[in-house]
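Okay, here's what each chain looks like letter by letter:
Protein chains: 2
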Amino acid sequence: MEIYKASKKRLFVERHSIEHLFSAPVEAYMEVHEYQRDDWIIQEGTRPDFLYYVVEGKAKIYITHQNGKVSLINFINANEFIGEMELLHDVYYTKGIQASTKTICFALPMHYYRRQLMEDAKFLRELTRFLSVKATQMAMKYTQSLAFPLENRLADFILQTADNGVYKEKHVTVCDYLGVSYRHLLHVLTQFTEKQYLQKEGRKYHIKQYDSLKSLSQILRNK
Amino acid sequence: MEIYKASKKRLFVERHSIEHLFSAPVEAYMEVHEYQRDDWIIQEGTRPDFLYYVVEGKAKIYITHQNGKVSLINFINANEFIGEMELLHDVYYTKGIQASTKTICFALPMHYYRRQLMEDAKFLRELTRFLSVKATQMAMKYTQSLAFPLENRLADFILQTADNGVYKEKHVTVCDYLGVSYRHLLHVLTQFTEKQYLQKEGRKYHIKQYDSLKSLSQILRNK
DNA sequence: TAGAAAATATGAGATATCTCCTATTTTGAG
DNA sequence: CTCAAAATAGGAGATATCTCATATTTTCTA
Numbered sequence: 001m002e003i004y005k006a007s008k009k010r011l012f013v014e015r016h017s018i019e020h021l022f023s024a025p026v027e028a029y030m031e032v033h034e035y036q037r038d039d040w041i042i043q044e045g046t047r048p049d050f051l052y053y054v055v056e057g058k059a060k061i062y063i064t065h066q067n068g069k070v071s072l073i074n075f076i077n078a079n080e081f082i083g084e085m086e087l088l089h090d091v092y093y094t095k096g097i098q099a100s101t102k103t104i105c106f107a108l109p110m111h112y113y114r115r116q117l118m119e120d121a122k123f124l125r126e127l128t129r130f131l132s133v134k135a136t137q138m139a140m141k142y143t144q145s146l147a148f149p150l151e152n153r154l155a156d157f158i159l160q161t162a163d164n165g166v167y168k169e170k171h172v173t174v175c176d177y178l179g180v181s182y183r184h185l186l187h188v189l190t191q192f193t194e195k196q197y198l199q200k201e202g203r204k205y206h207i208k209q210y211d212s213l214k215s216l217s218q219i220l221r222n223k
Numbered sequence: 001m002e003i004y005k006a007s008k009k010r011l012f013v014e015r016h017s018i019e020h021l022f023s024a025p026v027e028a029y030m031e032v033h034e035y036q037r038d039d040w041i042i043q044e045g046t047r048p049d050f051l052y053y054v055v056e057g058k059a060k061i062y063i064t065h066q067n068g069k070v071s072l073i074n075f076i077n078a079n080e081f082i083g084e085m086e087l088l089h090d091v092y093y094t095k096g097i098q099a100s101t102k103t104i105c106f107a108l109p110m111h112y113y114r115r116q117l118m119e120d121a122k123f124l125r126e127l128t129r130f131l132s133v134k135a136t137q138m139a140m141k142y143t144q145s146l147a148f149p150l151e152n153r154l155a156d157f158i159l160q161t162a163d164n165g166v167y168k169e170k171h172v173t174v175c176d177y178l179g180v181s182y183r184h185l186l187h188v189l190t191q192f193t194e195k196q197y198l199q200k201e202g203r204k205y206h207i208k209q210y211d212s213l214k215s216l217s218q219i220l221r222n223k
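Protein sequences appear in the order of chains A and B.
Residue 1 is where the first sequence starts when you use the UniProt record's numbering, and the numbers rise one by one after that.
Residue 1 is where the second sequence starts when you use the UniProt record's numbering, and the numbers rise one by one after that.
Hints are computed from structural coordinates only; laboratory data are not their basis.
Treat the hints with care, as some may be off.
A pair counts as met if it fits within one copy or between any two copies, since identical chains are not told apart.
What the hints assert, rightly or not - No farther apart than 25 angstroms at their CA atoms in a straight line, the calculated lysine to any residue pairs in the SDA-like style are these: (1) K69 to V32; (2) K69 to S212; (3) K122 to S181; (4) K168 to K200; (5) K170 to Q191; (6) K214 to Y92; (7) K69 to N152; (8) K170 to L146; (9) K69 to D211; (10) K170 to P48; (11) K214 to Q66; (12) K5 to K122; (13) K170 to Y182; (14) K8 to I61; (15) K69 to H184; (16) K122 to T136; (17) K60 to Q144; (18) K214 to T94; (19) K9 to E31; (20) K214 to V91; (21) K214 to V70; (22) K204 to V180; (23) K168 to R203; (24) K69 to R221; (25) K122 to R10; (26) K58 to P48; (27) K69 to K214.
Generate the whole structure from the sequences, applying the supplied hints.
As structure tokens, then:
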């Protein structure tokens, strides 16, 4: 992890305005943190000292269960917050946050800014929107996971993450995200291949029947 | 559904202050709605005109999936909001809300109050807290549903809803809530009875081995 | 650059959960 | 009070998903 200093910091802050998020300036004590892929931004179980705002990159929220299973709760993208739960609640089980690409965040020391932020309608409005989307997403994922087999959820995930007709996510990550065993994920991927929805080439899968996948994934949706 | 008028309204509003929620008064256009058990407070798919604040009672959030399955997403209790998603987002698939006991809500016409509320730090802070809890809850339910079998989740649910050592929820509701089939719920309940965790008496189940259920439910928790 | 660790792959058997069916009991509206 | 609808109950077989075991390939690190 690198903390930008001096001109590197100044330049970065100038290029990435966050005026739209706050009524009063927060630059005084704000830091700029850069994390490399796989770095832990927050350790599971350890309260963070900062409220983060992701400017660049992508991260993952993990929780480890007592039975050893690991869940990838969700992805965090640019323009989203990290640590807002700890800002709002004194008691909270902190989830682990891991960068999945190089990730640059603004880091606001909660100590300094908590009081100010909790009075700032502009900030609270942003945070409210963010949390409402998060709550809705989780509710959808929850009900979908119970109402539909992996087949549908995987089709949806493939379409969401495929890049130029090519799907190439790591199986291990996908298992944690969709909450199924490695074995079963492979099994359904093989089915997709046998049905010619996908064509496997090394570690990549080429989408061959977009429509078939689309109709599997549409079943999840209440438009 | 009954809308309180005149003195009935005045009395109710006086007895249930909501000063702590708003910086400026909202009583002018506020209504008081009373719903009976099983009334629909909001129809699935139909945008509500009000932001509701539940003063008394308990309600259920439902969504119907394309495959016909119904999910009970969550319960709503006193001092919680309904319709906040529609307040925040112009495009949103509205879930159905059904009263599960007699429920009395304050109903704020969004049309009149949206702008004012979105500027009100006090209100936004409350809403933020509410949504953050909601998001956390959903995330936990989601990961738990994928990481643990019904046995653990049902044990937890029984302990949460049992009244004086007696569990007597409707099976149909529980199926929708825990996302399992009626058949399977009965199956696991029978197991609990055979293991003497519960003792069945008509439609009620008496908790006989509190500790066994407790340890099943503890497995879900990361303290 | 060798060896360890992580990721991929696949088989085989177990089990959690589902679907479909049928029967009985309870509840609620007229 | 009566009848239909809802809720409860349980059998039987299907299937979605899991666990465990083992082998190969890729990636990372000392």
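Quick rundown of the hints versus the structure:
1. Taking CA atoms no more than 25 angstroms apart as the test, K69 paired with V32 passes in neither setting, with 33 angstroms inside one copy and 47 angstroms between copies.
2. In this assembly of identical chains, K69 and S212 lie within 25 angstroms of each other by CA distance solely across copies; the values are 22 angstroms between and 32 angstroms within a copy.
3. Taking the shortest Cα distances, K122 and S181 never come within 25 angstroms of each other, neither inside one copy (43 angstroms) nor across copies (45 angstroms).
4. Taking the closest pair of Cα atoms, K168 and K200 come within 25 angstroms of each other only inside a single copy of the chain (10 angstroms); across copies the shortest separation is 52 angstroms, beyond that limit.
5. In this assembly of identical chains, K170 and Q191 lie within 25 angstroms of each other by CA distance solely inside one copy; the values are 18 angstroms within and 39 angstroms between copies.
6. In this assembly of identical chains, K214 and Y92 lie within 25 angstroms of each other by CA distance solely across copies; the values are 21 angstroms between and 39 angstroms within a copy.
7. Taking the shortest alpha-carbon separations for K69 and N152, both the intra-copy value of 22 angstroms and the inter-copy value of 14 angstroms come in at or below 25 angstroms.
8. Taking identical chains as interchangeable, the C-alpha atoms of K170 and L146 lie at most 25 angstroms apart whether they share a chain (23 angstroms) or sit on different chains (19 angstroms).
9. When the C-alpha separation of K69 and D211 is checked against a cutoff of 25 angstroms, the pair qualifies only between copies, where the shortest distance is 24 angstroms, while the shortest distance within a copy is 34 angstroms.
10. When the C-alpha separation of K170 and P48 is checked against a cutoff of 25 angstroms, the pair qualifies neither within a copy, at 28 angstroms, nor between copies, at 42 angstroms.
11. Taking the shortest Cα distances, K214 and Q66 sit within 25 angstroms of each other only across copies (15 angstroms), while inside one copy they are farther apart (36 angstroms).
12. In this homomeric assembly, K5 and K122 never come within 25 angstroms of each other (Cα to Cα): the closest approach is 28 angstroms inside a single copy and 36 angstroms across copies.
13. In this homomeric assembly, K170 and Y182 come within 25 angstroms of each other (Cα to Cα) only inside a single copy, at 11 angstroms, whereas the closest approach across copies is 36 angstroms.
14. In the homo-oligomer, the alpha carbons of K8 and I61 never lie at most 25 angstroms apart, since the shortest distance is 28 angstroms inside one protomer and 49 angstroms across protomers.
15. Proximity of K69 to H184 under the C-alpha cut-off of 25 angstroms is found in both arrangements, the shortest distances being 15 angstroms within a copy and 23 angstroms between copies.
16. Proximity of K122 and T136 under a CA criterion of 25 angstroms is satisfied in both settings, with 21 angstroms inside one chain copy and 23 angstroms between copies.
17. For a Cα distance limit of 25 angstroms, the shortest separation of K60 from Q144 qualifies both inside one copy, at 20 angstroms, and across copies, at 18 angstroms.
18. In this homomeric assembly, K214 and T94 come within 25 angstroms of each other (Cα to Cα) only across copies, at 23 angstroms, whereas the closest approach inside a single copy is 36 angstroms.
19. For the homomeric pair K9 and E31, the shortest alpha-carbon distance inside one copy (8 angstroms) is at most 25 angstroms, but the shortest distance between copies (52 angstroms) is not.
20. For the identical chains of this complex, K214 and V91 are inter-copy neighbours only, at 22 angstroms across copies versus 42 angstroms inside a copy, given an alpha-carbon limit of 25 angstroms.
21. In this homomeric assembly, K214 and V70 come within 25 angstroms of each other (Cα to Cα) only across copies, at 22 angstroms, whereas the closest approach inside a single copy is 29 angstroms.
22. For a Cα distance limit of 25 angstroms, the shortest separation of K204 from V180 inside one copy, 20 angstroms, qualifies, whereas the shortest one across copies, 35 angstroms, does not.
23. Taking the shortest alpha-carbon separations for K168 and R203, only the intra-copy value of 7 angstroms comes in at or below 25 angstroms, while the best inter-copy value is 51 angstroms.
24. Taking the shortest alpha-carbon separations for K69 and R221, only the inter-copy value of 13 angstroms comes in at or below 25 angstroms, while the best intra-copy value is 28 angstroms.
25. Taking the shortest alpha-carbon separations for K122 and R10, only the intra-copy value of 24 angstroms comes in at or below 25 angstroms, while the best inter-copy value is 34 angstroms.
26. Proximity of K58 to P48 under the C-alpha cut-off of 25 angstroms is restricted to the intra-copy arrangement: shortest distance 18 angstroms within a copy versus 35 angstroms between copies.
27. For a Cα distance limit of 25 angstroms, the shortest separation of K69 from K214 across copies, 20 angstroms, qualifies, whereas the shortest one inside one copy, 30 angstroms, does not.
Consistency note: the structure conflicts with the earlier hints numbered 1, 3, 10, 12 and 14.
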